[in-house]
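J.: Read top to bottom, the protein sequences are chains A and W.
Counting in numbering that gives the first Met the number 0, the first sequence runs without a single skipped number right up to 179 at its last residue.
Counting in numbering that gives the first Met the number 0, the second sequence runs without a single skipped number right up to 391 at its last residue.
Since the hints were derived computationally from the structure, they do not count as laboratory data.
Please note: incorrect hints may appear among the correct ones.
[Unchecked claim] In silico lysine-lysine, DSS-like type, Cα no more than 30 Å apart, as pairs: (1) A:K37 - A:K9; (2) A:K169 - A:K105; (3) W:K84 - A:K37; (4) W:K84 - W:K94; (5) A:K165 - A:K61; (6) W:K370 - A:K9; (7) A:K105 - A:K174; (8) A:K27 - W:K370; (9) A:K27 - W:K369; (10) A:K149 - A:K61; (11) W:K94 - W:K80; (12) A:K169 - A:K149; (13) A:K149 - A:K82; (14) A:K37 - A:K27; (15) A:K9 - W:K84.
[Unchecked claim] Some chain A residues judged to face chain W by a derived CB distance under 7 Å, without partners named: (16) L23; (17) G25; (18) L26; (19) T29; (20) Q31; (21) L33; (22) K37; (23) E38; (24) N177.
Since this is a predicted model, take the numbers as computed values, not measurements.
Note that beta-carbon positions come from the ideal geometry of N, C-alpha and C, so glycine has one too.
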Amino acid sequence: MATGTPLERKPLTFAERTYVPQILSGLKTTWQHLVRPKETLEYPEQRPAIPPGYRGVPTLVKDPHGREKCVSCQLCEFVCPPKAIRITPGEIAPDAPTGHVEKAPKEFEIDMLRCIYCGMCQEVCPEEAIFLQNQFSMTGYTREEMVNNKARLYELGGTLPDDHFKWDKKLEAEKHGNAH
Amino acid sequence: MIEFWQNLHPVVQVVLKGLAVIMVIFPIGGACSMAERKVSAWIQGRPGPNRAIVPWISWIPILGPFLQRLGIFHVLADGGKMLFKEDALPGHVNKFYFVLAPIVAMIPALTTVTAVPFGAYLDQTGQIIPIALANVDIGLIAVFAVSSLGVYSLILAGWASNSKYPFLGGVRASAQLISYELSMTLSVIPLFLWVNAPGREATFGFARLVEFQSGSWGGITSPGWGGVWFIFIMPVSAFIFITALFAETNRQPFDMPESEADLVGGFHTEYGAFKWGLFFVAEYAHMVIGSGVFTLMFLGGWNPLPWVPLADLVGWLAQLAPILAHPIAVGLLSIGIFLGKVLALIFFFMWVRWTVPRFRYDQVMEIGWKKLLPLSIANLLAYAIGIALIQQ
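In isolation and in its complexed conformation, chain A is listed as follows (with noise of 0.2 Å):
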């Protein structure tokens, strides 16, 4: 329910009937944007700031001591919306120094024609091995080149810190006896 008085119009005065100090305001305030420092981001050479959180480019990442984190598990492939992630699940040597992760992908692949950049692989991934990073820009001009593979997917994602070191203290506690 309306409340208070309503505003009184006037009426228009000569002045303003004419339009010209309407117009002569107007000229005065498109002047002062016409003399004003220009607001476009000239793109290719200026980039935007990427604010922290940024939705862009899937990447995998590696951790501190280089070893590569995603165990494919393929969680992020079976909650993937558009099913943009293709895993092909490979084994890790026993005898290699990570060898008590015992998993690791043969191939990771990720159509970035059919990503939608929603982050749920990011958000699904026990093992924080994939980020979705800073890159926002994806070109290429084949379907073929649209798919990242897992070099590129290493190459675009490099290593970020890691606050835990699951596996190497996994290990430390089977060599104490303690596996849990």
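Fit chain W to the supplied structure of chain A, relying on the hints for placement.
T.: Below, chain W without anything else, positioned relative to chain A:
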């Protein structure tokens, strides 16, 4: 060199002069389309087109990038695109009139320039001689008569396109141009009443107007009026004239024939490629001529500042260097001053475009018939009485 020029056949002289003027008007038309985009961009807080560059110009250190930022090469890119893209002719149009319309648009736009003086030089006796293709006594009437032929191109285009939006655009164009021509013509009559004082040879030429605004008025230096511009004596006339000029050149806020918002593109909806480009060059040529006429009538023509006529400036410059008093130097200086004012007015056209919102069609008609026309008649009567009292 001057003797060689004067020994040429008069017809050759006139053709060369005409070509020279067209060589100036045409690029100005092209540059205006660029300036339009740049000014629009700046007012909207954008840098505007600034990418195209010719490789060998990008090698020039500072000038190259500067010209690139200014978007100069987009004019070439646009023109080249317009020239070489397919010039489609829709199947449903009347082919003859459809092709004729842009030609009819160009011809009056380039013809009006003949009667417009664009500079002046001083002869041996210190007399100011205007530079024009044809410095005729009927100057203003010739400009009005020929430039109003431009409306036929819009009607032809609208009619020949055989589709509803161009048709509506053509109808609006004819109504609007005819309405505003009345007040435009009435608004400038006081000027000629003033300069055609009793006992003087009657003229409608621009030279006499500029002569008055230069202070020396056919030998008579009238005290108090020396070098005053008509915009100060007759501001209402100037206001009516510039408003009508906006309407006549189909500029915002009176862009009814085009009406991008409600009529797609108005009369040129069905046009493309070079024919479309011709319409635009014609529109800008009209703007250039209209601004030139306004400059001559209200802004002192080739006089640098109000109360500072060209002759005074040349006198001062001659003290610095005698070569500057040479007729060619004075001619170039006066043309430069005149073109500067014209370009400033064209900038004003673009500035207003982004300031004033478009009028509705009925508002355009109402302003034209119910506001401007009575105002111009009242203005004419007031000045007629005033001039009769002063000059009796």
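J.: Evaluate each hint against the coordinates.
T.: Cross-check of the supplied hints:
no.: 1; hint: A:K37 - A:K9; verdict: 38 Å, violated
no.: 2; hint: A:K169 - A:K105; verdict: 23 Å, holds
no.: 3; hint: W:K84 - A:K37; verdict: 33 Å, violated
no.: 4; hint: W:K84 - W:K94; verdict: 19 Å, holds
no.: 5; hint: A:K165 - A:K61; verdict: 13 Å, holds
no.: 6; hint: W:K370 - A:K9; verdict: 22 Å, holds
no.: 7; hint: A:K105 - A:K174; verdict: 28 Å, holds
no.: 8; hint: A:K27 - W:K370; verdict: 25 Å, holds
no.: 9; hint: A:K27 - W:K369; verdict: 28 Å, holds
no.: 10; hint: A:K149 - A:K61; verdict: 12 Å, holds
no.: 11; hint: W:K94 - W:K80; verdict: 23 Å, holds
no.: 12; hint: A:K169 - A:K149; verdict: 26 Å, holds
no.: 13; hint: A:K149 - A:K82; verdict: 17 Å, holds
no.: 14; hint: A:K37 - A:K27; verdict: 17 Å, holds
no.: 15; hint: A:K9 - W:K84; verdict: 56 Å, violated
no.: 16; hint: L23; verdict: 9 Å, violated
no.: 17; hint: G25; verdict: 4 Å, holds
no.: 18; hint: L26; verdict: 5 Å, holds
no.: 19; hint: T29; verdict: 5 Å, holds
no.: 20; hint: Q31; verdict: 10 Å, violated
no.: 21; hint: L33; verdict: 5 Å, holds
no.: 22; hint: K37; verdict: 5 Å, holds
no.: 23; hint: E38; verdict: 4 Å, holds
no.: 24; hint: N177; verdict: 65 Å, violated
Checked against the numbered hints listed earlier, the structure breaks hints 1, 3, 15, 16, 20 and 24; every other hint is satisfied.
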